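Protein chains in written order, with my numbering: chain A, -5 to 895; chain B, -5 to 895.
FYI, nobody ran anything at the bench for these hints, they're computed from the structure. Be a bit skeptical, because a hint or two may be false.
What the hints assert, rightly or not - Not close to chain B: a few residues of chain A, all C-beta gaps over 10 angstroms, as computed:
(1) N11
(2) D141
(3) E297
(4) K300
(5) V305
(6) L362
(7) R370
(8) M394
(9) G397
(10) K431
(11) R585
(12) N594
(13) L619
(14) M621
(15) L894
Claimed, not checked - Cross-link-like lysine to aspartate or glutamate pairs, in silico, EDC-like; alpha carbons within 16 angstroms at most:
(16) K735(A) - D236(B)
(17) K13(A) - E322(A)
(18) K318(A) - E271(A)
(19) K391(B) - E510(B)
(20) K(-2)(A) - E48(A)
(21) K738(B) - E815(A)
(22) K735(A) - E829(B)
(23) K807(A) - E677(B)
(24) K807(A) - D606(B)
(25) K735(B) - E271(A)
To be verified - Derived coverage of chain A by chain B (criterion: at least 3 residues anywhere in the stretch with Cβ under 8 angstroms from a Cβ of chain B; other residues may be distant):
(26) 733 to 746
(27) 768 to 775
(28) 811 to 824
None of the values given here were measured: they were computed from a predicted structure. Idealized CB from N, CA, C, for every residue including glycine.
2 protein chains.
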Amino acid sequence: MTNKLVYFFGGGKADGNAKMKELLGGKGANLAEMTNIGLPVPPGFTITTEVCTEYFQNRGKYSPELEEEVSEALKRVEELMNAKFGDAENPLLMSVRSGARSSMPGMMDTILNLGLNDDTIQGLIAKTDDERFAYDAYRRFVQMYGDVVMGVRPEGVDDIDPFEEIFDKKKKAYGAKYDVELPAKALKELVSEYKTMIAERAGQKFPEKPIDQLWGAIGAVFSSWNNDRAIAYRELNNIPGDWGTAVNVQTMVFGNMGEDCGTGVGFTRNPATGENEFYGEYLLNAQGEDVVAGIRTPRPIMELEKDMPEVFNELNDVRKTLDKHYREMQDFEFTIQKRKLYMLQTRAGKRTGFASIRIAVEMVREGLISKEEALRRVEPEQLNQLLRPVFNLKEKKRRMDEGGLLAEGLNAGPGAASGQVVFNAPDAVKWAKDGKKVILVRIETSPEDIRGMNAAEGILTARGGMTSHAALVARQMGKVCVAGCGTLDISYAKRQIAVKGKIIKEGDWISLDGTEGQVIEGALVTLPSEVEQVLIHKILKPEDSPVFGLFNELMTWADAVRRLKVRTNADQPDQASVAVLFGAEGIGLCRTEHMFFGGNRIDAVREMILSDTKEGREKALAKLLPMQKEDFIGIFQAMGHRPVTIRTLDPPLHEFLPHDDEQIAELAKDMVISFDKLKAKVESLSEMNPMLGFRGCRLGIIFPEITAMQAKAVFSAAAEVKKQGVDVHPEVMIPLVGHVKELKLQREIVIKAAEEVKKETGVDFDYLVGTMIELPRGCLTADQVAQEAEFFSFGTNDLTQTTLGMSRDDAGKFLPDYVREKIYSRDPFAAIDREGVGLLMKIGVEKGRTVKPDLKIGICGEHGGEPSSVEFCHQIGLDYVSCSPYRVPVARLAAAKAALG
Amino acid sequence: MTNKLVYFFGGGKADGNAKMKELLGGKGANLAEMTNIGLPVPPGFTITTEVCTEYFQNRGKYSPELEEEVSEALKRVEELMNAKFGDAENPLLMSVRSGARSSMPGMMDTILNLGLNDDTIQGLIAKTDDERFAYDAYRRFVQMYGDVVMGVRPEGVDDIDPFEEIFDKKKKAYGAKYDVELPAKALKELVSEYKTMIAERAGQKFPEKPIDQLWGAIGAVFSSWNNDRAIAYRELNNIPGDWGTAVNVQTMVFGNMGEDCGTGVGFTRNPATGENEFYGEYLLNAQGEDVVAGIRTPRPIMELEKDMPEVFNELNDVRKTLDKHYREMQDFEFTIQKRKLYMLQTRAGKRTGFASIRIAVEMVREGLISKEEALRRVEPEQLNQLLRPVFNLKEKKRRMDEGGLLAEGLNAGPGAASGQVVFNAPDAVKWAKDGKKVILVRIETSPEDIRGMNAAEGILTARGGMTSHAALVARQMGKVCVAGCGTLDISYAKRQIAVKGKIIKEGDWISLDGTEGQVIEGALVTLPSEVEQVLIHKILKPEDSPVFGLFNELMTWADAVRRLKVRTNADQPDQASVAVLFGAEGIGLCRTEHMFFGGNRIDAVREMILSDTKEGREKALAKLLPMQKEDFIGIFQAMGHRPVTIRTLDPPLHEFLPHDDEQIAELAKDMVISFDKLKAKVESLSEMNPMLGFRGCRLGIIFPEITAMQAKAVFSAAAEVKKQGVDVHPEVMIPLVGHVKELKLQREIVIKAAEEVKKETGVDFDYLVGTMIELPRGCLTADQVAQEAEFFSFGTNDLTQTTLGMSRDDAGKFLPDYVREKIYSRDPFAAIDREGVGLLMKIGVEKGRTVKPDLKIGICGEHGGEPSSVEFCHQIGLDYVSCSPYRVPVARLAAAKAALG
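Extracted from the complex, chain A is given alone in its bound form (with noise of 0.2 angstroms):
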């Protein structure tokens, strides 16, 4: 390795800058930047996310070169303060903190107060004069070091962490309530019963030299980086597992030598709404982790101005600035020594879906940034966030009158939730996948818990603040929060919570209102988002809700930058007419099939099914021919002059009749025919792999009179509507074509239909027939196809399937490992594998195009609605992407921003 393994920072300059953090990690870009903008930060330096992979790849050994550099920059540090590391007169205390590219809070681990040993303690005391803050910062530091680097911890959810048993032991031995009572002998004692006790369990010394110390926190940091917590984060959030951490190491400073020292955490605009305001949380006489672990309830920021008017005001100016010029609502840390401010970190805030739309439009409006910039800044799921539903306020207020109300806390993650209470993160887990609803109650939330939070509907907290674990996670997650609510009395042991009286015990239900804050007992009734009730519901005025308003101009932006069309997946009128409200610009997907099943429609299905001739057949589908028409009327009504793309019949004949012994026997009596018949008919049709069997066009192909029904209905429908004035658009899509020939002979009865209808009703209208592209033979003879075909429709499901030779009903004994083993980085149903897939999709575009160079190419496949694989379809080249209607809007974003490169 010859690049630059350390980057210093300090005195007004750095090495590095903002825009290093690939290299230096988001927090030690970050520092450089703050430095070199003016903003006091204690000097350290950053040792490169390069040498975090060096080090994993060299089995946890370091180059000589990184062991000059990171002495050099230590000199440099030790020259900046005029101190010594290791030094028993003046010593030099450092932190030792990760960084990784993308903000993982909390996920890996920090060493405070590095430097201390028996010889340095001394000058600690020498330079404090506080004999009792230095044993303090001592023993935390002896204790965090023993954890973190040593691995000495409770092993197990029932052990006792063997730090706390000695501690509380001496507590008890000193007669103290509080740890506070503790005086410096305690202290001092503890520390040295703590290094006997890491010798015992780890098997090894606690490193009495500094320096040794340094490298061993070095290396600890780095192998936190593949820890438990920080790779089931990582998947949670999509970030590659091979990109490594930053470390870095900075001059301590201490924010708990006294009530005129204290350490905060702000964001330069409330997160969870948005507002621009100065929003933050501080604790007196305490360390940064105190804040961020939310063991202690933090104070509101504002409460700063009346102990300490100066820094308060000094603390504004830093957000302000910080504010402009990073033009992004930024989540920074500070620790007040002795009425000095220092700046420890500064990063983009986590925010809720509402206040990422908010900051993103009103930055618009300050000229602060670009539409396009705002556009960049809002994530696409986010605005899933808008569109949850909201509590009948009406109700809630009968129910909270009715005494109903538990609590009332921090309203840390906006929505409405109710659910059952668990305490645990594993039960949560499990009644999730038990189909369940649960609210996950703890005391406190840890970085352990994020499982379980994933899969709660909301989480409820009785201590921290909103820069607490749990705020910050539920925040970024989406989920809906109420924090710190103090007066919940929550026993694990027990299973309940005692509030007011009250108890609530293990899986009784309670609703959460994350934008006011309260705990209501029960479960509340949920009304449509607020931008539902003012598009679709119509009883809410656009002007009425800022969230609309915010919603709304986002969208516009959108929609004046993005290339790709948005359809919609619909087969109902209803669904539809939902999704043009939402944008969609057309039907990307009608199935035909869910149409079979309504009423006593499955009857005639069921009896063309059970023809053995093609009049039989026949006799059946013309019963069914007047209720596709209806079908397809209600449809092309609902889309108006809108593109309708109706699939014919896709999934295989046995899927309409039923399977076990019982049912068959009593359909066959509803027929009037032998059991017998009818079973052998189910097990006739019965497959090894239906996915790869007798459906698709094969279907038409083998009774092409059913195709000639769908595209009689198709057509008839369209004659009847264009009547009344719609300009109506039907696009027959023949679905599984693997060979030209099949398109060919299906497009056939489908032109002789429309061309009958014509005739009969003397209504002339537009149609296309297209084809889904869903096998890799489709893809691979697109130029074939092509010549059969008027428009192309991925069918990515199926050519995930396919491509993949991995059945999504069977995967899940195996996907789930491989996309933790990341062999695919991520779930390919859920988003385009683009290497796999992806190419032949690419090959499919540039085939049909060499045959007809303006060949409208969709995409119908679930990943239509992804924002990824929306990016990937605008990269080769597509004309639209179709999801169903509640991810539309989402599509809309994904496609500007896609637009935007």
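Take the given structure of chain A and dock chain B to it, following the hints.
For chain B alone, coordinates are given in the frame of chain A:
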């Protein structure tokens, strides 16, 4: 159309030649060629196959250009023959025959004596001075035209032929026992009665104008390209449906003008045995169709020398000229009219596999053709005929001594076959479908019977000679056939054969020796083919078997020419040994799962599947390890220095468990676990689409201990046989790889096992680790996969299933129709679908070799033994094909042919 539509031949010069088969069809091209080399061909002209294609595209209409060219050509014939078409005094009569690119004997229609009507008949009578002959020609013409052009024929199997009905009545009326006893008057009446009947049944009068007759006949011949039997024949023989047929219009010559006339068929060499001798048959006073149709049993050609020595000598000279000129065995038709010889057709003769090889090899010896040409001439599949079982001669002699010989006939299709007697083609098809072996017994066969002939083990007829339909088709299909057993009294009505006072009923067993022409009562035991007797069983010396000599010589030539290596798919030492004797150069696919079923192994496999822990699985696998090792030792010993590719476990685990409750209960008892637990396991392993499920390397990814055990077994075995002095070359193959990381993970396990075994045993050995490419994604990302692979082997069975989205198990519901409808020209599971699957293979080869230019690539799907697929594998640059042991010679020859291009 601006091309020439009509090609004239006659008077020693022709517009066309033998190379123009695509345009003129085989018959037309060879009539031109024979004319050009001075053989006596009656003049005429050929309408091209392009006209046929146009005819179908224009729905049966002709262009004015065609009418013009036909009329011109007709004029030239009239000039040469000095007669006029439609002339009442000197009428020219024509024949109209089909003629496709590839011979389709008897499948399409023919009209003779065209040009006769109530006027021209007078001219014919005058010219021949034979009223009876003239009216016989006339009534034959009316009958043929009525049937072929006007569609008057029996409707359904039970209908009586309307012409025969009238004919039989007429015979009764005239008290005639034989046809020849009817006087001219009666024949004249028949003409008139036929015409009346035709007008009634066809609703249209019989055309009197010769030119109308001509166009009707031309259209009928074109249309006959798409009659049922022609379509069936093309399906069986892989002849594309879009080739079309030419039409040959030629001056009539008559073999039925008296005893100085005749007609016959000749072969330049013996088509059954391949011997270089004049072979053929003739009938005096007969029309050509009489010989081919098998209605009268013709006489051996050598007898003609006695009847007409001069004509015989001329004909024998013609046969030598043809054999030498074409450098290929010819099958020709001739007519003798008043002692003058006319050649009506020549074409490459159909022959048995025996004959094909013998002729090819002997023509090389005679200096007529090169070795390469000989290789080109033999179809790889024909080799199978040399590998057919033969009767145990001792047993056959004993049976015959006991009076078991029922009859003797012509040895029309060599080989030995036993089966149950059936009397019609539909029964043959049905019985064969039910798994029965059948012998199709017919008085004579007709083109309608070909599906039944194909389904039967052997064919036995009472009438017809070596060139009859039965003999011809049987020869071509490679069926065992005894023809013309005149002593058999076959009754379709009673479904029995009466012979030698015995009654053989439907369902009784008989045996046919097609090499000797014998029919024996009962089922005879068979022995392996001579080739196997020499190669494998060593019970016959090579020098005692000319058959083996020919086989061996051809194989030697093939091996000298081919570039592709040929391996075998085998998982038992005995299979492996047989394959080596057949020339296999390694094992391309050794499936390990078969080894999991034998004896008590399945118990250990089940124990592994039912273990919930890795330890439990490892314990069970440890039991399998020594058994797997023994398997591999046996295979390595059998294969010696040749490479052996071993595939790790592939099938879904549920294949190792029972599925119905009874068996589950039994197994639960055996394994001492609860029924419920076992049932739950079986259910949890069951899959919607097992083909796309938890199988292949997915098993080894989730349960790495399985791969580890298998790799250990492979390498322990390798070390052991290496110690024994065998230069072993194991190649471990990972199945169902879609992503390079799958291969990487599995490869690491295999390499680790190899290193361990080397260390434990102190034996060093070479080995490779590679992958099966059987998923589209494997092909598409082959450049990545190649980074972890030392070889690729295409698994085209699964690749076809996934690329086409077609389950082999389920395709029965539509694939036969697909092939019939020409959607796929051949079953893609039989021959590689080049456009789809083949393109993916090409991509895989190209991408793989961008990374490793010398990457070894083979194929181990069942396509590896199919000639056209072998050709494709050669074309895209594979290194080897692998197939079942008995297909190895076929693959060797196919590989040689591919190399010849």
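Right, here's what the structure says about each hint:
1. N11: Per Cβ check, N11(A) is outside 10 angstroms of chain B; nearest 36 angstroms; holds.
2. D141: holds (30 angstroms)
3. E297: At about 53 angstroms from chain B, E297(A) clears the 10 angstroms cut-off, so the statement holds.
4. K300: K300(A) clear of chain B: closest Cβ-Cβ about 58 angstroms, beyond 10 angstroms.
5. V305: Given that every Cβ of chain B is farther than 10 angstroms from that of V305(A), nearest at about 53 angstroms, it holds.
6. L362: With a cut-off of 10 angstroms, L362(A) remains clear of chain B, as the shortest Cβ separation is near 43 angstroms.
7. R370: holds (31 angstroms)
8. M394: holds (47 angstroms)
9. G397: holds (47 angstroms)
10. K431: holds (26 angstroms)
11. R585: holds (18 angstroms)
12. N594: Holds, because the least Cβ-Cβ distance between N594(A) and chain B comes to about 27 angstroms, which exceeds 10 angstroms.
13. L619: Given a closest Cβ separation of 24 angstroms, the condition holds.
14. M621: Non-interface label stands for M621(A): nearest chain B Cβ at 27 angstroms, farther than 10 angstroms.
15. L894: Holds: least Cβ distance 29 angstroms, greater than 10 angstroms.
16. K735(A) - D236(B): Answer holds: K735(A) to D236(B) is near 14 angstroms, not above 16 angstroms.
17. K13(A) - E322(A): holds (14 angstroms)
18. K318(A) - E271(A): The hint holds at about 13 angstroms.
19. K391(B) - E510(B): Holds. K391(B) to E510(B) sits at ~13 angstroms (cutoff 16 angstroms).
20. K(-2)(A) - E48(A): holds (13 angstroms)
21. K738(B) - E815(A): Judged against 16 angstroms, a Cα distance of about 12 angstroms means the pair holds.
22. K735(A) - E829(B): Answer holds: K735(A) to E829(B) is near 13 angstroms, not above 16 angstroms.
23. K807(A) - E677(B): holds (13 angstroms)
24. K807(A) - D606(B): Distance of about 14 angstroms is within 16 angstroms: holds.
25. K735(B) - E271(A): violated (49 angstroms)
26. 733 to 746: It holds: at least three residues are needed, and the segment 733 to 746 of chain A offers 4 whose Cβ sits within less than 8 angstroms of chain B.
27. 768 to 775: Since 6 is at least three, the answer is holds.
28. 811 to 824: holds (count 6)
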